[in-house]
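Student: Sequence:
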Amino acid sequence: MRWGRRIALTVLVSVLAGCAVTGNAPSGPATPAPSSASASAPTTSNQDPAQFAAQVVTHSREAGVDAQLVMAILYNESYKPHDPELERAWQQLHPDAAFGVANMHRAAFDETKRGRPFAGRDWQDLPGDPDLAIQAEAWYLHDLAAQLPATRSGRLTTDELLALGYNTGPGNMRAFARGTTPGVQAQSYLDTLHANWTKAGQAVTHG
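Residues -20 to -1, 1 to 187, numbered by mature numbering (1 follows the signal peptide of the UniProt record, and there is no 0), are exactly what the sequence shown covers, in order.
Hints listed in this document are in silico derivations from the structure and should not be mistaken for laboratory results.
Bear in mind the structure is a predicted one, so any value in this text is a computation, not a measurement.
It is possible that some hints are incorrect.
[Unchecked claim] Taking lysine to any residue pairs in the SDA-like style, the calculated list, with each CA pair at most 25 Å apart, reads:
1. Lys179 with Asp76
2. Lys179 with Gln104
3. Lys93 with Gln127
4. Lys93 with Arg132
5. Lys93 with Ser58
6. Lys179 with Gln31
7. Lys179 with Gln167
8. Lys93 with Val37
9. Lys93 with Leu128
10. Lys93 with Pro75
11. Lys93 with Gly44
12. Lys179 with Arg96
13. Lys93 with Lys179
14. Lys93 with Gln167
15. Lys179 with Ala30
16. Lys179 with Tyr59
17. Lys179 with Gly151
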């Protein structure tokens, strides 16, 4: 790696170190959520998730989930640069860091891939393979949907609950479905989802 490139990555890792936080959760999920970063962190990547519209539509259809939701979550997760070298450098400092354009943790990926077409793939492949990251995201949302309680209370829609499940984990998602009010960080993730909703729909419709 050239020195200029190495210095740039070092600076970006330092920036992320100042931005990283954990998701707001009323109770700990049995399985770690793919994403637990603050939705209010600044966007430092010029990588527009809309470029992955074709993959989002394809994998959402395969998994039986809403393509607009999958795309909106990608927008939510675009708060940091998804550069493979940077992600791997960051993971050296924080072994539990999330990988790929959908910010998925190892435990969530390993659980989601079981019995799926990408069962032979490794979590370490995510930084350099956006298609795999989106495929795993779609199937994780599929699995979250299967864990929603049949009887719910509260004002949250299915898409909102699934987004919260993606951000905070299935245990918290079920708590929200039973009427628990999202905390500050979870609500921030929802607010960002709402802000991204229209452009996510446009991306999957016209992409």
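Student: Each hint should be assessed against the structure and marked as holding or not.
Tutor: Hint check results:
Distance hint between Lys179 and Asp76 is unfulfilled; the C-alpha atoms sit about 31 Å from each other, more than 25 Å. For a cut-off of 25 Å, the pair hint linking Lys179 to Gln104 is broken: about 30 Å separates their Cα positions. This hinted pair checks out: Lys93 and Gln127 have alpha carbons roughly 17 Å apart, not beyond 25 Å. For the given pair, Lys93 sits about 28 Å from Arg132 by alpha-carbon distance, which is inconsistent with the 25 Å threshold.
A C-alpha spacing of about 23 Å is found between Lys93 and Ser58, which places the hinted pair at or below 25 Å, so the restraint holds. For the proposed pair Lys179 and Gln31, the alpha carbon gap of about 12 Å is at most 25 Å, so the pair holds. Distance hint between Lys179 and Gln167 is fulfilled; the C-alpha atoms sit about 20 Å from each other, no more than 25 Å. Only pairs whose Cα atoms come within 25 Å are accepted, and Lys93 paired with Val37 is accepted, the gap being roughly 19 Å.
Of the pairs offered as hints, the one joining Lys93 and Leu128 holds, with about 20 Å between alpha carbons and a cut-off of 25 Å not exceeded. For the proposed pair Lys93 and Pro75, the alpha carbon gap of about 20 Å is at most 25 Å, so the pair holds. Restraint check for Lys93 and Gly44: satisfied, since their Cα atoms lie roughly 16 Å apart, inside the 25 Å limit. Annotation: proposed proximity of Lys179 to Arg96 is violated, straight-line Cα distance about 29 Å (limit 25 Å).
Restraint check for Lys93 and Lys179: the C-alpha separation of about 29 Å exceeds 25 Å, so the hint is violated. Straight-line distance between C-alpha atoms of Lys93 and Gln167 comes to about 29 Å, which puts the hinted pair past the 25 Å bound. For the given pair, Lys179 sits about 9 Å from Ala30 by alpha-carbon distance, which is consistent with the 25 Å threshold. At roughly 16 Å between alpha-carbon atoms, Lys179 and Tyr59 fall within 25 Å of each other, so this suggested pair holds.
Among the hinted pairs, Lys179 with Gly151 is inconsistent with the structure: their alpha-carbon atoms are about 29 Å apart, more than 25 Å.
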